[in-house]
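Sequences listed follow chains A and B, in order.
Under the working numbering, think of the first position of the first sequence as 473, with each following residue one higher.
Under the working numbering, think of the first position of the second sequence as 473, with each following residue one higher.
Be aware that a few hints might be false.
Because identical chains share one entry, a pair is satisfied inside a single copy or across any pair of copies.
DSSO-like mimics (lysine-lysine), calculated; alpha carbons at most 27 Å apart, straight line [what the hints assert, rightly or not]:
{"hint": "1", "residue 1": "670", "residue 2": "516"}
{"hint": "2", "residue 1": "558", "residue 2": "746"}
{"hint": "3", "residue 1": "746", "residue 2": "516"}
{"hint": "4", "residue 1": "484", "residue 2": "670"}
To be clear, the hints were calculated from the coordinates, so they are not data collected in a lab.
2 protein chains.
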Amino acid sequence: MYFLGVDGGGTKTQIILADENENVIGVSFTGPTYIRSVFGDTLKKTLEEGIFFAIQNSHLKDVKIARSCFGIAGLDSPSDFAEVLKIVKSITSVRLDPHPLILNDAVCALRRGTNKGYGISIVAGTGSNCYARSKFGAETFVGGLGHTLSDEGGGYFVGLNVLHAASKSFDGRIEKTILEEMVYEEFGVLSMRDLLSKVYRDGFGKMEIARLSILCEEANEKGDAKAHEILQSAAKELVLMVKTGAKKLDMILDEFDLVCVGGSFKREHGPIRKFFEKEIKENLKRANIIYPVNEPAMGAVLIAIDRYKVLKR
Amino acid sequence: MYFLGVDGGGTKTQIILADENENVIGVSFTGPTYIRSVFGDTLKKTLEEGIFFAIQNSHLKDVKIARSCFGIAGLDSPSDFAEVLKIVKSITSVRLDPHPLILNDAVCALRRGTNKGYGISIVAGTGSNCYARSKFGAETFVGGLGHTLSDEGGGYFVGLNVLHAASKSFDGRIEKTILEEMVYEEFGVLSMRDLLSKVYRDGFGKMEIARLSILCEEANEKGDAKAHEILQSAAKELVLMVKTGAKKLDMILDEFDLVCVGGSFKREHGPIRKFFEKEIKENLKRANIIYPVNEPAMGAVLIAIDRYKVLKR
Chain A
473 MYFLGVDGGG TKTQIILADE NENVIGVSFT GPTYIRSVFG DTLKKTLEEG
523 IFFAIQNSHL KDVKIARSCF GIAGLDSPSD FAEVLKIVKS ITSVRLDPHP
573 LILNDAVCAL RRGTNKGYGI SIVAGTGSNC YARSKFGAET FVGGLGHTLS
623 DEGGGYFVGL NVLHAASKSF DGRIEKTILE EMVYEEFGVL SMRDLLSKVY
673 RDGFGKMEIA RLSILCEEAN EKGDAKAHEI LQSAAKELVL MVKTGAKKLD
723 MILDEFDLVC VGGSFKREHG PIRKFFEKEI KENLKRANII YPVNEPAMGA
773 VLIAIDRYKV LKR
Chain B
473 MYFLGVDGGG TKTQIILADE NENVIGVSFT GPTYIRSVFG DTLKKTLEEG
523 IFFAIQNSHL KDVKIARSCF GIAGLDSPSD FAEVLKIVKS ITSVRLDPHP
573 LILNDAVCAL RRGTNKGYGI SIVAGTGSNC YARSKFGAET FVGGLGHTLS
623 DEGGGYFVGL NVLHAASKSF DGRIEKTILE EMVYEEFGVL SMRDLLSKVY
673 RDGFGKMEIA RLSILCEEAN EKGDAKAHEI LQSAAKELVL MVKTGAKKLD
723 MILDEFDLVC VGGSFKREHG PIRKFFEKEI KENLKRANII YPVNEPAMGA
773 VLIAIDRYKV LKR
């Protein structure tokens, strides 16, 4: 019996095929499926190919999927869910179950790191999102409204601040930061003039900006004050999201699992983790911080298995 | 003898036909010509139509333009200037002079407000830009690198902060601000859910965001603390630009004309003006703040006339 889980983000999507004992049987990576950037046919094609390759990667023949779960970033309104469900149901080249689950990726992120059935998840990838569920089943989201409305603390947010810092360093509005030279190097240009023609050219977008968050961590390690400030403010925004979620569900004083996923939390001794942990310990004393080590799409797989067991089909 | 001046910004472009005594003979308004958003054929068409209508508006027959000056936002690298010059020279349906001047709009903004030949101009329209010229002819730009790299303090910057504030007010990350309800009303939606589908739809861009700066001023007047904070920080960014320009050219202690143009400075008792003036008086005691009352494109017209007189052709 096989289960399919999808973790769809702004930069990439992971798809996992697993058995009922949670063993990964096949994996694939494909492009972004963040529904505020990827729509209709492109979304269908990306998911279809990803599922096909995950099944192919398993080397199994004629796989029947018992239950699937799609955790997709940016899913928000009922019409979003309906649209993605329609797209998933239109995939006929691979054999999916007749009742795919469509969820916001932050919901799957929570399940990825805890089996308690409640807690808070914070996603800091290209964008950011926070999901909280109380012991009593109440739910809430904080942030997760995309790069125009929120995304504070995510990679895009950090990268944009890096670009602003580089500009201000260039024209003397702030003290020189090594971020300026690092940005030039990253994009293979010699000056701000050349950078301008890269940045305002077609094809330069959210992903290119989000990638600069890695560079910001490097600059911070080299002792750059501006990089430190940017990362600290990103961590503060993530903490504010968690704190707001906990407050809304009256969980501030409770013990709960806080599941932290996404690129920003990836590095064990990374600065965002360090700043984040410090602030969480001050604000939510009984939160149990978890950085899941399983694969990103395992949250969706676990939900698919849970649902199968509960519904016995 | 007639002179043509162009003031091209991120939201609109004004074109003026004037005589040698600086009398406005014809005016037209056309779409944006900001060269980081509008390129090639679209730019040509916008300029061509604008010039045509300005001439038509003058009710003169067979106008010969002695000299023209194009002040265009976003002009930066030598290749930008070359490209716009090529576009302008390719306009053959109206009779332009053989030697059009192509300048950054901030350079024309300075001339619009002063005839001293030196000083600082600050443009706060959709984007922002600062240009400084010393008594000794040294020049520098601060900011003006477009919405991805800078544009701090401009309408887009303010509007983006309004959207972020509305999101944070919606999900409880900050105290309720009337900006949230005002944003819903502005876009004719009832909730954040509906706003999401507007914001991430094709056709929602910089102009729609920049327009929210007006709303921010209204909220400030109603006593909203968040709106106050956003406008104050925008003014601070504009002051930082001016201060940096003055510092780079060693003009901090000098007396000079500070020419302030663009939508943000439009309202005589507007909050940005108020915050800006307060900070300028503290930082650049001898700066003589000027809000020109002539038409935006008059700066370009005056430069065209100056140049004609100097070169006698």
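Now the hints, each set against the structure:
Taking the closest pair of Cα atoms, residue 670 and residue 516 come within 27 Å of each other only across two copies (22 Å); inside a single copy the shortest separation is 30 Å, beyond that limit. Proximity of residue 558 and residue 746 under a CA criterion of 27 Å is satisfied in neither setting, with 42 Å inside one chain copy and 53 Å between copies. In this homomeric assembly, residue 746 and residue 516 never come within 27 Å of each other (Cα to Cα): the closest approach is 38 Å inside a single copy and 53 Å across copies. Within a single copy, residue 484 and residue 670 get their C-alpha atoms as close as 23 Å, and across copies as close as 25 Å, so both meet the 27 Å cut-off.
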